[in-house]
Structures are given as C-alpha cells and as structure tokens.
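Visitor: One-letter residues, chain by chain:
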Amino acid sequence: MTDPLSRRAFLGRSALIGCSLAASPLLTPVTFASAPGDNRLVVIVLRGGMDGLDVVRPLGDPNYAALRAMAEPEADPPVDLDGFFAMHPKLRVLEPLWKDGDLGFVHAVSTPYRDKRSHFDGQDVLEAGITDLSQGLTRDGWLNRMLQHYPGAGTETAFALGRDPMTVMTGDAPVSRWTPEADLALSPQALRLAEVVMAEDPLFASTFAQSVALAGGDGDPVEFTGGADEMMSMMQADQRASRGVALETRIASFAAQRLRADTRIAAFSINGWDTHERQDRSLPRALGRLAEVILTLKSELRGPVWKKTAIVAMTEFGRTARLNGTTGTDHGTGGAMVLAGGAIRGGRVVADWPGLAEADLYDRRDLMPTRDLRAHTGWLLRGLYGLNRDLIETTVFPGAELGDDPGLLL
Amino acid sequence: MKFDPVLADIRFGCGLSPRVGPPGASQAILDSLDAPDRVARTFPIEPFETFLIRMQERQRLSKIRRAQRGTPEAEAARKAIKVLNKTARIDQATWMGQHILRRTWTDAPFRERLTFFWGDHFTAAGKAGLIRRATSPYFESAIRPNIAGRFEDLLIAAVTHPLMVHYLDQDSSIGPSSEMAAKRGKAAGLNENLAREVLELHTLGADGPYTQADVRQLAELLTGLTLNFQTGTHFRKPFAEPGAETVLGKSYGGDNPNLGDIRAVLRDLARHPSTARHLARKLAVHFVSDSPDPDLVAALERSYRDTGGDLKALYATLLDHPGAWRPEGGNVKQPFDFIASACRALALPRTAFDGMKENRFRTLVIRPLGLMGHIWEKPDGPDGLDEADTAWVTPQGLAARLQWAVTVPQLLLPDLPDPRDFAQTALGPRASPPVRFAAEAAESRWEGIGLILASPAFQRM
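Chains as they are written, first to last, in my numbering: chain A, 851 to 1260; chain V, 5 to 465.
Isolated chain A, as found in the complex (with noise of 0.2 Å):
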C-alpha cells in the first residue's frame, strides 16, 4: 500500500522544486537537491543477454565441463570463487574486491519472462518490472516508482545516465538525465552570448545554467578555443566514445562524481552481451567494460561514500545451457547478478543451484531460474532505503513475491 502521507510530501516537495527553478534562472542544480538517506544504488542494464553460465561458471556441477566443450582451451584460468564456482578470468582484476567482500553474485535467477526470448520483451520486462507483457506494457520503470516513494527526492536524487532510454528510470518521478557523449565546447565568447540569448525564455534559461553546470562536471571543459575543424573531431570523439570502452568508464566517472554529492541513485546500461558466436572472444569485451566501470566507481567514490553503495548489474534473460555451433550462446533463461559495492555482503555466490542435467534444465535447454531476480532487487531496496515489503510486492515489483530474505547487504 502507498504511503498516503509520504506520496503527498514527496508531491508537494518536487512541485515546490519546479517553481522555484523556473523562477531563478541562476540556480545551479547543486543547490535544490536534498536527499535524507546516505546509501547510494547503481543499478546496471546489462543489454543483450548475459551468459551468466561463463561469468560464473558452475565448474563444481558435473555437467558443466561436457555443455561447455571448447575446441581448444583458454589460454587463462578462471578465478576459483568458492571451490564450486569460478568467474571468468577477465574479471581477475576484480579478484581484490571478491577478497574484501565488496563483490558477489547471485545465480540461476531471471526475470519472470519466459519462453520467447526476445530482447525487447525481455528487456521491457526486466525495467519495466512486471510479471508479463499480456496486458501490453506499464509506460513507468520499476526505479521510477520506487522514488515516488523515496522520501525528500529532488531532481538531482536520480540519474540516469547514457544515451539508451533507461526505461527502468523513466516515470512521473522527476529523474535529471545527462550522458557524456552530449558535450559542450563553444568560445568563451559563444558561451557569453548563448547565456544572453537564452535570457529571453526562463525555461531555456535555467536548463542552459544545467547544461552548462552539467557540460562542465563531465571531464573536459565547456569553454574551448578552436576552429570548426577541431569542434567537428570533438563532436567525433565524444561520438566515438559511446562505441568503445571509454563512454561507460566515463559515466562511471560520471556517476561517481554525482553520487559524491546529492545523487543517491544512477542507471546506466552497458551493451553488447548478445554472444551467438565466437563467446570466447566477444563476451571478454563486456566483462571488461562492466570490470572498467566497477573499478572506475570504487576508485572515484573513494572510501566512506563506496561503503554506502551498493551497485546491481542485471540482464534480461541468462542463455543456453550448452554452447552453440558457433562456440556462441543463444537466448536462454536463467543467469546471474553480478554485486558489487562497499554495502553489499559480498565474498559469496547467492543461489538455489538447480544442476545442469538436461532434466534440471529449463525446457531441457536453459539453466533453470530458481528464483525471480525482483525478489533479490526488492531485498537490496528495503535494505537501503527502508521501504516496506507491501509496496515493492504491489507497487514497485507488481506480482513479485519476496521470499526470505536473501542478505545481500552488511
């Protein structure tokens, strides 16, 4: 059930916000934002389908080494977790964070999507957060409607982050948004002169302050003396970043840097699990992005705020259980969460194993979910921000049921 009382206070705050930003064209976001609580959340879309099976591979499990057979073996060793689990070895550099417990894993869970194996269904389950697509889809994100009953939200409490749609942030709850790739370089002259253009329309004018603020916390610079030619290969390189390693290292930093200061809450997603072919040499490019951004986090939160993170990466479905004719996966359902933060009781992989026989697998192809991936996310909210377990099981995660509690928090 909604919390009357708080839904009012969280209404009233934000439109007493929307007043006061457009009627003070000079404020800076920094200043509007309050947030009560101290524990931050990053929650991570890992789109495209991660083979949760050879990140965290289950080489305990009898059948495991006979489904996944390669024609000539990895020249790197995975990182042995527990004596039953091992990580894949891309992710040895995150071997010191598993040792300190700030890195764990659930395993053998999903979303409740089943059978059709579609990203975009799978995806719009997965932020949408609902228990199936038949009655058309919700147009708000699960994180989104935890907010709206987050106490004291402004808009600077959530980010997100990147230029996909992040529809797992997107609802009435204001949410502010920024990606590194939209960047300002203008002369200092030019920059005069937009805020002086801008001055005519309050609503250009206290968005452009935003820009500018926001343009400037991003690592380089707004103002930049160059001709076009230069200002074209800026545009270039900031484009080219959303294709390679650097964007998301970039909003990591990014992130970071809001998280640092009022932001309690940031979602990004990180591309490119889709591996039907050649695994052993497209899934070790994700690993390392989503490596990148967890290093990247833990060393610019610095220590006091990293031991109040807690950081969730999440796919829309796990993938067949053996591998391909093309030493690839295909679409599959059950998989893994990968955690990661000073706040989380890490050090462990968290699951239900279902076993790898082709009776325990799920229509005798995938690894079977034991268990809704909703229940672990609603476990790390009512960890972090107190939220009771009637309005995630209703309002947050409609349809989900929480189970015991899984501790994945100190």
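If you're looking for bench data, these hints aren't it; they were derived computationally from the structure.
Predicted model, so just to flag it, every value in this text is computed and none were measured.
Take the hints with a grain of salt, since some may be wrong.
What the hints assert, rightly or not - Counterexamples of contact, computed for chain V against chain A with all Cβ distances above 10 Å:
(1) Gln60
(2) Arg154
(3) Asp157
Said to hold, decoys possible - Incomplete in silico selection of chain V near chain A, CB under 8 Å:
(4) Glu196
(5) Leu375
(6) Gly385
(7) Asp387
(8) Asp390
(9) Glu391
(10) Gln400
(11) Leu406
(12) Gln407
(13) Ser436
(14) Val439
(15) Ala446
(16) Leu455
(17) Pro460
Ideal Cβ positions, reconstructed from N, Cα and C, are used throughout, including at glycine.
Once you've looked at the hints, dock chain V against the given chain A.
Guide: Using the frame of chain A, we list chain V on its own:
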C-alpha cells in the same frame, strides 16, 4: 489574433525559408493538402509494398540457411542476408535524409507536419531484424496518403498495417477457443496489447469510457489479424476467436470471423465522441501549445463530431480559430522539427546528402538527434514522442541542440550566410534585439548561425 503568414509557416509549416514564401491565407494551407504531392516524387521514400519484397527475400534466404546447414549454399545465403540487412540500414538513413529535404524544399509544409503527427499518433516500429527499417515505408504507405481524409480510414490503414500488427504483438494473439488454441494447447493465448492501445492511444483516450472487459472483447475480436510477407496484412482464420464479441455495448462478428468485423469496430470507435475529444486536444497540444485555449479544443471537438471525423474540416477549424494564432507561449519544436527547420532556413542544397557515407550522416544527424532525446525510428513505447516542452528542454537536450547548431550547418553547406542576414531569414519579425546582438557579436560566422538557431525564438513554434 488571426492568420499571420510568418506564424503560419513556423507553427503549421516547417519554418521560414529563404526560397519558399509563407502561405497567404489559411485556405492556401488547406488547398496545399489537395495539390499533387510533388515533393514526395522529388525526394522518394520506398513504399511499404516494395519493402515487403526485401522481407520475402530474407525469408527465402533464411529457409536455405536452415535447410542446408553447413553447405556452401547456406553460407552464401548467410552472406546475402548480411548484405540485405546492411542495405536496409543504409536506406533507412537515406530516407531520413529525404524527410529532411522534403521539409527543406516543400511548398506544402503542413503535409509534412501532419504526416509526422499522425505517424507518431500511430507509432509503430519493427522489433528485430530487417523490419526495424520499415518505419518510413509505413509512413509513406499507411499514413501520408490518409492524412486529409476521414479519420476512420487512417485508423484502419494504421491499425491493420503489418508493421503495427507486428509492433503490438497482434500476430501472436490467438483466440482462447480458436482452432489454433485447440491444436497448440497451453502455449497459445490472447495478447491484449493492440486492443488496449487502440482504445487508449489511438481512439478513445486513457480516460475514455471503456473497461478491462472491453479490452478483452476487442482483443478477441482482433484475433486472426496477422501478417505475412507476401500480402502484408493477412487474416488467419484458425487464430480467430469464434462467435460474436461485445465492445462498448455493441456486438460484432459471428460464426464467420473476418477483417470486415475488425473494420466495423474501428469505424465505430473512430466516430465515438470520446475519440473526438481525445483527438481535438491532442491536435491542439501538438500544433499550438501544451495548454491550448479551451475554446479551440471545444471547437475542434465539435467539428470532429459534426463531420464524423473529417480531418480536412478539422484542420480548417484549427486554422480558422483565433486560439491557434496566439503568438506567445508556442510549443518548443521537437528535435526533428528543430533540425529540419534549421535545414529549411539554411536552404540546404537538394544534393546535400548525395554520396554522403552512412557513418557521416549518422554523425551529423542521427546521433545528435538521439542526444536531443529522439532516437530515430526506435520509439520508447507505443505512445510515441512526448508532447510536453519540458520533455525536450532538458540540460542534455538543450546542450545537444546548441552544439549541433554551431557545429553541423558549416559541414552541410558550402557557404554559411552572414549571421546578420540569417537572423532575418530564420526568424523574420521574431528576431529580437538580443538575437540580433548575438548574431552581430559572434566571433565567427558558424557561432553566429548556431546562436540564432539555438535561440528560444527559433526553438519555439
């Protein structure tokens, strides 16, 4: 507050142009909808019927690939599919360029705006593979020819179109008592997606007088509506729920389900008073303001109801109403309107995109549009683009507009105009002293042009 040629060109057209003069009267705007669609011939976009041939070819190649796994034929088919996909991806970018050039050069700009308005009202897009590239062909075949007739014909063309049927999962919706359900058992089921959106988005509106039971009944009535790559829209009787369904108290269909039943319910929904109210408000919000004159909305609603959804009469009401001509508080241009109106003001050459590599076009147009918040032909949901100004004037969106305005025009044009003249070209009497000052004081031509295009006066309609 009455007809004003400059405001007409900005608010109901594609912006001011140094080459094509503004309309002389409301009647001229209406008449332009009856004139031959010259600009569509000059800058062609593939009709959906032609696009289907690509889908047939793709289907044929996939069959070879599956049937002859491991053979050289299968390998050749795989490669051919790759080429097919790549060609379609490049064509999708080309068609976007054609949309921009149509807006730059047309003397019937209201047609372009209406095509996008209705195309967005009936948002549809392919979800995977080749069909992701089919949105512009859908606009060309289902939307553009139907924008000035009766709403019910537009509704039927859009809702029964293969792209919509695919986008809203109608192709997999199977009547619970149908022949196919008996065959497939539990795996088969009804999908309410299209039925819900027809009621909520396309006709009555979210606050319309329908219940969950109406959604379900309409979903059952829609079963059988599917697509194939040979004919496009295709009625599959084995999917259809037998017997009659009751939608908003009226019974449709019977023992012999067919497309006629579906057309009948769509015609009735199109003529419903709630549809009149929903569309009247949406049209006023889109073309005039986020909070339009209530009297304007009421006049539109009356016009729609009195004429049974005659769209041309509806547009005439819009253009004749004083509430449509208030100069203040106009909408902020959506990102595509912004880019295309900038190209029109700059008189972008007809050949500007000829021979341009796809990747450069992406850098100059498609990606910046995405940063402004509009991911081209990849909608967030069936409700399409946001109508609220605040959805577009965001820190990121505004930064992207300014950056595009100072950077890209010089890369598209051989010579930029003098900013002092351009302020007049792009804004006419709207060029305020601060904008003229910025145009004059800018250190370079391209910054001057950029500041004019990024000014609120240019960004509002």
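Visitor: Each hint should be assessed against the structure and marked as holding or not.
Guide: Hints, one by one, checked against the model:
Once the 10 Å rule is applied to beta carbons, glutamine 60 (chain V) is consistent with being away from chain A; the minimum gap is 22 Å. The beta carbon of arginine 154 (chain V) sits about 27 Å from the closest Cβ of chain A, which is more than 10 Å, so the claim that it is off the interface holds. Aspartate 157 (chain V), annotated as away from the interface, keeps every beta carbon of chain A farther than 10 Å; the closest lies near 25 Å. Taken as an interface hint, glutamate 196 (chain V) checks out: its beta carbon lies about 6 Å from the nearest beta carbon of chain A, inside 8 Å.
At a threshold of 8 Å, the smallest CB-CB gap from leucine 375 (chain V) to chain A is about 5 Å, leaving the interface hint in force. At a threshold of 8 Å, the smallest CB-CB gap from glycine 385 (chain V) to chain A is about 6 Å, leaving the interface hint in force. Satisfaction of the interface hint for aspartate 387 (chain V) is found here, the shortest Cβ-Cβ separation to chain A being roughly 7 Å, below the 8 Å cut-off. The restraint placing aspartate 390 (chain V) at the interface with chain A is violated, with a minimum CB-CB distance near 10 Å, outside the 8 Å limit.
Interface hint at glutamate 391 (chain V): violated, since its Cβ lies 14 Å from the closest Cβ of chain A, which is beyond the 8 Å cut-off. Checking glutamine 400 (chain V) against chain A by beta carbon gives a least distance of about 4 Å; that is within 8 Å, so the hint holds. Checking leucine 406 (chain V) against chain A: minimum C-beta separation of about 6 Å stays under 8 Å; hint holds. Interface restraint check: glutamine 407 (chain V) against chain A, minimum CB-CB distance 6 Å, threshold 8 Å, status holds.
With its C-beta approaching chain A no nearer than about 6 Å, serine 436 (chain V) sits inside the 8 Å limit, and its interface hint holds. Below 8 Å, beta-carbon pairs count as interface contacts, and valine 439 (chain V) has one with chain A at about 6 Å; its hint therefore holds. This hint holds: alanine 446 (chain V) has a C-beta 6 Å from the nearest C-beta of chain A, less than the 8 Å allowed. Contact between leucine 455 (chain V) and chain A, as hinted, is supported at the beta carbon level, the nearest pair being about 5 Å apart and thus within 8 Å.
Because the beta carbon of proline 460 (chain V) sits about 4 Å from the nearest beta carbon in chain A, less than 8 Å, this interface hint is met.
In this structure, the earlier hints numbered 8, 9 are contradicted, and the remaining ones agree with it.
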